[in-house]
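Engineer: Sequence:
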Amino acid sequence: MRWEAFLGHVQERGKYATPQEAERSARTVLALLGAHLVGVVRAELAARLPDTFAVILLNPLQATEPLSTERFVRATAAWIEGATEQTAAWDVSAVLSVTADAAGEDLTHRILLQLPPGYDLLFGHPEHT
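Numbering-wise (the working numbering), the sequence shown opens with residue -7 and increments by one.
Pairwise CB distance ranges, derived in the manner of DEER restraints: (1) Thr76 - Glu36: 28 to 36 Å; (2) Gly96 - Val47: 16 to 24 Å; (3) Val32 - Thr10: 29 to 37 Å; (4) Ala70 - Gly110: 14 to 22 Å.
Simulated from the structure, these hints should not be mistaken for lab results.
The C-beta atom is built at its ideal place from N, Cα and C for all residues, glycine as well.
Please model the complete structure; the sequences and the hints are all you need to start from.
Structural biologist: What follows is the structure, given as structure tokens:
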């Protein structure tokens, strides 16, 4: 997926006023997500993202342990200036649902297998529960 298309979808789903707001959320969420994915799954997802976001995914923020969905949202809120847990949940869902679209069904399923329970809802794929 091209940069403009990915960011446009994030902006639309997140109802962001500017592309810069969408980009800020995408950078933060993908950096946190990258810390939770390993091996071929992370590499395959990176290959389906625009180059800038692929680099962010492949050079993630460090996580000492897998974060539950609640802690993932809290971590996102901590990294986005002025965010609350409610706005961060919105940011996470906007970015991860577009990421799932870019990944496709099979790769999204394999991504969800590497994550703690509950991420299926953040990716907009509740059928994987």
